[in-house]
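Guided by the hints, dock chain Z onto chain B, whose structure is given.
Heads up: the protein sequence lines correspond to chains B and Z, in order. Take 11 as the starting number for the first sequence in the numbering used here and just add one per residue. Take 11 as the starting number for the second sequence in the numbering used here and just add one per residue.
Take the hints with a grain of salt, since some may be wrong.
No distinction is drawn between identical chains; accordingly, a pair holds when it is met within one copy or between any pair of copies.
The calculated EDC-like cross-link candidates involving lysine to aspartate or glutamate, where the alpha carbons are at most 16 angstroms apart (straight line), are [claimed, not checked]:
no., residue 1, residue 2
1, 383, 245
2, 264, 37
3, 380, 250
4, 325, 369
5, 264, 218
6, 194, 337
7, 264, 134
8, 194, 249
9, 368, 89
10, 264, 89
11, 59, 384
12, 194, 245
13, 182, 157
14, 23, 280
15, 182, 316
16, 35, 13
17, 355, 369
18, 126, 29
Honestly, the hints are just simulated from the structure, not real lab data.
Number of protein chains: 2
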Amino acid sequence: MTDENSVGIVKTKYFTFAEPPDELKLESGQVLGPITLAYEIYGSLNKEKGNAILIEPALSGDAHAAGFHEGDKEPGWWDSMIGPGKAFDTTKYFVICSNVIGGCKGSTGPSSINPKTGKPYALEFPLITISDMVNAQKYLIGHLGIDRLLCVVGGSMGGMQALQWVASYPDKVRSAIPIATTLKHSPQQIAFDEVGRQAVMGDSDWREGNYYGHGQPEKGLAVARMIGHITYMSDQSMEEKFSRRLKDKNFSFKFITDFEVEGYLRYRGDSFVKRFDANSYLYITKALDYFDLSGGRLIPSGKTIDTRFLVIAFKSDWLYPSYQLQDIVRQLKTRHVDATYCEIKSTYGHDAFLLEVKEETHLIRHFLKKVYKEGT
Amino acid sequence: MTDENSVGIVKTKYFTFAEPPDELKLESGQVLGPITLAYEIYGSLNKEKGNAILIEPALSGDAHAAGFHEGDKEPGWWDSMIGPGKAFDTTKYFVICSNVIGGCKGSTGPSSINPKTGKPYALEFPLITISDMVNAQKYLIGHLGIDRLLCVVGGSMGGMQALQWVASYPDKVRSAIPIATTLKHSPQQIAFDEVGRQAVMGDSDWREGNYYGHGQPEKGLAVARMIGHITYMSDQSMEEKFSRRLKDKNFSFKFITDFEVEGYLRYRGDSFVKRFDANSYLYITKALDYFDLSGGRLIPSGKTIDTRFLVIAFKSDWLYPSYQLQDIVRQLKTRHVDATYCEIKSTYGHDAFLLEVKEETHLIRHFLKKVYKEGT
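This is chain B alone, in the form it adopts within the complex:
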């Protein structure tokens, strides 16, 4: 299962910060605590503690970015990019990946037990923002003994976290690589999220969020995920993968799966339901929609930062179209920040950030080498 380019067998770790003042004051004004963060680490922190890279997950991503969990056949979600000799070379860098608060993969979220009631939070869990996610991660980074990150990197929601790190803690970040992401959701992006939320909340099995112990609102969550999957692919990649191929020889003339693409979507929807909490889906999509670092909020006026940027867009990504990445670069340039923009010619749509490994590796390896060298 593992090879010389793999980080091998890994384990998810957990960090809990429990007592006030370690309770997190949230952007909503509410507080949350104790908080547990699930995270994984690959490679070793050097003695200057200057080689730490924080990998930020996307909506459904977890802390398991690379290597294999004992007994698993599939590696972590960005294994193609993290390991010896890979883009995030673990023989050089100390790579951290942490799951977000609000999620359901070991970090505190709506499905976690509320210590005040002994029951899952459900909708008692406060709404969290991308800024709250990053504030929680800052405790983890401190816990790991790191004062300044060499790089914060992520695609999609991971890119928003990378941008938020710079906005919140510019002195703590030497470089950032936002990929296939945006300074703010457009109304179209909000609309897709809202339809997904309505699908979940419209499912009678959702029970106003109190479904724990009864089973998930499976149908609603599957529909939400199916919508998501359409937006992750491009018209062209769907054509290449499915075209109009039928599951069977002829049309069924029934309301069952006729086309392969229908079967694929149902499969994706059904498998998501098994691994992801419906309330987490609501909380995280709301955090995505609230996020807004446009209008000078990325770098507050009067502030000078020396964080360097590599901004990556994909030509066929219509969920986070390249104009949104160009907006990031424009905002950086007007503040005299060192930023490189690359648009990769991919047909994969938004999924490209997980699939265009060769191109990304080329860009990122080079960029990191330069940033790392300048700091030593």
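Coordinates of chain Z only, in the frame set by chain B:
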């Protein structure tokens, strides 16, 4: 309410063809009858019966395309295009609009009473195709005493019916104007339809289609319509209409409507539920997905036709992108059919076919005049 450019007060009419052999043999092999078609007519048929134009509705369109129903404040769905002096000038042409079988606006569909059981068909209704819809319309056209249509025109699904008229009855159609449509749904278009169907069928109120007398599967159907509305608008038109404007001054930090675009979608979803039958939604989207006149099926090999075409695409329409309209033109040109292609520079997305009245009027008026003149 009415003015000199309006066809004025109109009434929907009904035509029923009941006895075998007037029972319709469907593409699925099943039969359907008796069949009622709801339709409206505007203008007068000339004595040569050569000025009849058939307007084809889109998914949620009905027979009421122009003028006002007694007491209504809103005119028919394409009133801006049909009337004295308008694109489809009712002082010159005899304009017919018919609702499709499978629908819920007076034509026979799943919510109609099955004469064999005395109850609504529900899923006993056979699956129908665009070809079946057109075959039913042919009875209506015959009933109206028309042997050959001057023009068949429609946007979206209406465009598919226009194309199907040519494929099925080329000698009966002097000209066709397919707008914002396609020869076949791509996997992405099928995917959007399938998610909508899953939303409806996943709603426990759907009751396997037998919800008549119990109330619609409102939440599922609303979600399906919300998805639809996103695809009908463009990223840019949503930005222009909503941007990130909030309903209230601040974020709610709750799972309620924060952004105006969310409120708009919910409103659209909720109002659709009041006027459209959920099972009709399933049947009609399936007909859309099955439709395929690619690969020479539009004009069978060896056949020569003299139907003239005006094919209209819209630049920002990403649901029926312009390459699909160009495919229609390509197929026509290879068969030496007279076809004009126009791509209108609109930001409205797919909705443009209902909104870009001025540009469409200019193109269509000119085209019809030419076709009409050559026939007299």
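Hint compliance check: list the failing hint numbers for this structure, sorted ascending. 1, 3, 10, 14, 16
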